[in-house]
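*Asks:* Residue strings, one per chain:
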Amino acid sequence: MRNAWMVVATREIVVRALNKGFLIGLAVTIAMIGGLIGFTSYMESRTQSFDVAVVAGDESAATALESAADGRGAASASDDRVELTVVRVDDAAAAEAALEDETADAWLSSGAGVTGTDGWTLSGWRDPDSDLAQLIETTVRDQVLAGHASDAGTTMSALTAGSEVETERLDGNPVDPQIVFMAGFVLAFLFFIGAVGSGAMIAGSVIEEKQSRLVEIIATAVPLRQLLAGKIIGSSAIALGQNLLLAGVGLVGVSFTDLSAILPAMTATMVWFVVFFTVGFVAVAALYAVAGSLASRTEDLQYTTSPLMMLLMGVYIVTFSADGVLERVLSYIPPASIVSMPVRVLNGDALWWEPLVSLLVLVAATVGAVLLSERAYRGALMQTGGRVTWRTAMAGERGTTLGA
Amino acid sequence: MSDLEVRDLTRVFVSGGTPRRAVDGAGFTASSGLLTGFVGSNGAGKTTTMRMIMGVLAITSGEVLFDGAPVTRQDRREFGYMPEERGLYPKQPVLDQLVYLARLRGIAASAARREVLEHLDRLGLADRAKEHVEKLSLGNQQRVQIVAAVMGQPKALVLDEPFSGLDPAAVDAMVDLLREHTRRGVPVLFSSHQLDLVERLCERLVILGGGRVLANGSPDELRAQGVTRHRLILSGDAGFVRGVPGVLAVDVDGPSALVEVRDDGAATRLLSAALERGAVHEFSPVRPTLAQIYREMTAQAGAEPQAHADEETV
Chain C
1 MRNAWMVVAT REIVVRALNK GFLIGLAVTI AMIGGLIGFT SYMESRTQSF DVAVVAGDES
61 AATALESAAD GRGAASASDD RVELTVVRVD DAAAAEAALE DETADAWLSS GAGVTGTDGW
121 TLSGWRDPDS DLAQLIETTV RDQVLAGHAS DAGTTMSALT AGSEVETERL DGNPVDPQIV
181 FMAGFVLAFL FFIGAVGSGA MIAGSVIEEK QSRLVEIIAT AVPLRQLLAG KIIGSSAIAL
241 GQNLLLAGVG LVGVSFTDLS AILPAMTATM VWFVVFFTVG FVAVAALYAV AGSLASRTED
301 LQYTTSPLMM LLMGVYIVTF SADGVLERVL SYIPPASIVS MPVRVLNGDA LWWEPLVSLL
361 VLVAATVGAV LLSERAYRGA LMQTGGRVTW RTAMAGERGT TLGA
Chain L
1 MSDLEVRDLT RVFVSGGTPR RAVDGAGFTA SSGLLTGFVG SNGAGKTTTM RMIMGVLAIT
61 SGEVLFDGAP VTRQDRREFG YMPEERGLYP KQPVLDQLVY LARLRGIAAS AARREVLEHL
121 DRLGLADRAK EHVEKLSLGN QQRVQIVAAV MGQPKALVLD EPFSGLDPAA VDAMVDLLRE
181 HTRRGVPVLF SSHQLDLVER LCERLVILGG GRVLANGSPD ELRAQGVTRH RLILSGDAGF
241 VRGVPGVLAV DVDGPSALVE VRDDGAATRL LSAALERGAV HEFSPVRPTL AQIYREMTAQ
301 AGAEPQAHAD EETV
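Chains C and L are the protein sequences, given in the same order.
Every letter in the first sequence is one number past the one before it in the working numbering, and letter 68, counting from 1, is 68.
Every letter in the second sequence is one number past the one before it in the working numbering, and letter 309, counting from 1, is 309.
If we strip away everything but chain C, and leave its shape as in the complex, we get:
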């Protein structure tokens, strides 16, 4: 029967799609992605507001605060979205009282006349907020420098002329390294839960058939090779669908945030990731099928799947933190390349041909893994009475005259 694998694959998909655990896991993952995007977007758009006290008559301080509040003198701090409100109080005692009853977050004074020290002071009941301190520091420095400049018969702009340093990335990539790191983390996570989740499902479905000897009935009806192919294709289809769904949710979510400017770069990355993952998952599924066939009972699965689990966990940990040369190397080594290459595409580090070469390496590795797995699966599946090792599975008589 040529199309037996289709019957098998259809069953795998239907059974999985109706599995409550699978659906709940998927819903939780979608919620997590949504939450992550929501949190990022909140952090991006968050505005902090402060009330800063100034004593009547301290005109320098009042001017500095007003210009800071207008955002005029503090170009460098404008990213932080700090909002200032000036609270005018009568004297130092009133300022301290305002700090104490929290009607003011800080108190700015411009010199010796008020606090007894020579220079500017930003006081707070506790240490003033660092964003606020930075904003005021910058504003005050600009204001004082402007004063000195005018005393010296020149202007600020004359003094600072030609001193700006602009940054420029030669690769022209606009993506913030922090976003790249975040994306690397998300891809590594998607890879890990996709591979382990679907892998465990396929191992479970193999041992279910082996333990119940149902596989003996199936084996007399269809070649084991077709059974394995159906399982791999079925669970790969599920894993692909799951990742498309998650990637879609992620990209739609991103489009509502400030990150939407880099949506094209992210979309390219996601497409590469989905392609890499789909190819790589075929190998993962095949290896998990072997892990299932090596067990003799469901309880054995945690032993037989643990080497795979370690591998995937290792990939997860190494890939999301890798950068530089390590990342470049990993982007060619399956299965790490499934995560590392798309991340390199995102940070603009990969030349156009690099993902293609890495994909070829992945395809070759997958073909190898599937051929190896097919042999081990057939060797182990009919062996009952205890766990089977890879070695005996490979040396096994391939079970049966049914063979392929």
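There could be a bad hint or two in this list.
Claimed, not checked - Calculated pairs, DSS-like style, for lysine-lysine (alpha carbon to alpha carbon, straight line, at most 27 Å):
| id | chain 1 | residue 1 | chain 2 | residue 2 |
| --- | --- | --- | --- | --- |
| 1 | C | Lys20 | L | Lys130 |
| 2 | L | Lys91 | L | Lys130 |
| 3 | L | Lys91 | C | Lys20 |
| 4 | L | Lys135 | L | Lys91 |
| 5 | C | Lys20 | L | Lys135 |
Claimed, not checked - Listing some non-contacts, in silico: residues in chain L with all C-beta distances to chain C over 12 Å:
| id | residue |
| --- | --- |
| 6 | Asp121 |
| 7 | Gly139 |
| 8 | Ala170 |
| 9 | Asp264 |
| 10 | Glu276 |
| 11 | Val286 |
Unchecked claim - Which stretches of chain L does chain C cover? Using the computed rule of at least three CB atoms under 8 Å from a CB of chain C, they are:
| id | stretch |
| --- | --- |
| 12 | 54-65 |
| 13 | 73-81 |
Hint data in this document are derived by calculation from the structure and do not stem from the laboratory.
The C-beta atom is built at its ideal place from N, Cα and C for all residues, glycine as well.
Dock chain L against chain C, hints included.
*Replies:* For chain L alone, coordinates are given in the frame of chain C:
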């Protein structure tokens, strides 16, 4: 005629470096249209033989023939098989998984559905079709399993312990079902521990011990191989039978004696002696039951050292 024949079938397991012959040159035929019972003690090699017939276990030497030719993959696809350990997908509805198994055997989805429903109806499971298998009782799971084996008009049936765990009514229903298939000319081979059942049902019987076929034939033929004893009931005491030449007294109890007649003249001598002493109420042959024959045969086979414990360790 499409007999299922096993010829000189041998399976050697190597465990711990020592080879062990689980099945040792077994040969027999499950004839077309007949129920053939396959009996033997635990570890006699029944399951191993059946797995080799179905091709789920490699054959060390010997062959399996169907319809006179070596069995092919296509033949086996059309055999109905019930493995030793019962199992189905516990979390899938009965109907869905039977249809799935039927489709794997190449039956179209709609035809599979129709046939499955028909069989479930016959076995009284029509209202359980949508239930998960794990919710069914063991007996009902067994019925579902038999449906899996008989779907799609199989060309032969190989059933490992199909009656274990069934109540008498379920046994009868299943026998009716199997008879339907033998009427189509299909050979049915089934293993069982229940000798009385086998004796009642089977046209043919194969007794396996230590991996070898100890006996093979119809129940009557097998019984004829055993020693026939006679029951003698007299009006007086039967103690004298111990002194009659050529007669072995197995058991004497007052006027009744169970004897083994060792030569042709002995019966005449015994009866003459009995009539001299009074009336003879009964002198009748006592045919051995299959269970007796089976016990004698397996006791002989059991004298050979055999390690059966790890039969399933391949």
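*Asks:* Please check whether the beta-carbon of L/Val286 is more than 12 Å away from every beta-carbon in chain C.
*Replies:* Correct as stated: the minimum Cβ-Cβ distance to chain C is 43 Å, above 12 Å.
*Asks:* Confirm or reject the coverage of the stretch 73-81 of chain L by chain C under the rule of 3 or more residues with a beta carbon closer than 8 Å to the chain's beta carbons.
*Replies:* Held - the stretch 73-81 of chain L has 5 residues with a Cβ nearer than 8 Å to chain C, which meets the minimum of three.
*Asks:* Beyond 12 Å from every chain C Cβ: check whether that's true for L/Gly139.
*Replies:* holds, 17 Å
*Asks:* Once the closest CB in chain C is found, is it more than 12 Å from L/Asp121?
*Replies:* holds, 22 Å
*Asks:* For the pair supplied as a hint, L/Lys91 and C/Lys20, confirm whether the alpha-carbon distance does not exceed 27 Å.
*Replies:* holds, 12 Å
*Asks:* The stretch 54-65 of chain L covered by chain C? Criterion: 3 or more residues, Cβ-Cβ distance below 8 Å.
*Replies:* It holds, with 6 qualifying residues against the three required.
*Asks:* Quick one, are C/Lys20 and L/Lys135 close enough, alpha carbons at most 27 Å?
*Replies:* holds, 18 Å
*Asks:* Sort out whether L/Lys130 lies within 27 Å of C/Lys20, counting only the CA atoms.
*Replies:* This hinted pair holds, its Cα atoms lying about 18 Å apart.
*Asks:* What's the verdict on L/Lys135 and L/Lys91, does the C-alpha distance respect the 27 Å limit or exceed it?
*Replies:* Between L/Lys135 and L/Lys91 the Cα gap is close to 9 Å, so the pair holds against 27 Å.
*Asks:* Since L/Glu276 was said not to touch the interface, does its Cβ keep a gap of more than 12 Å from each Cβ of chain C?
*Replies:* holds, 66 Å
*Asks:* Are all beta-carbon distances from L/Asp264 to chain C longer than 12 Å?
*Replies:* holds, 52 Å
*Asks:* Can the restraint linking L/Lys91 and L/Lys130 be considered satisfied, given a maximum Cα separation of 27 Å?
*Replies:* holds, 11 Å
Consistency with the previously given hints is maintained throughout, with no hint failing.
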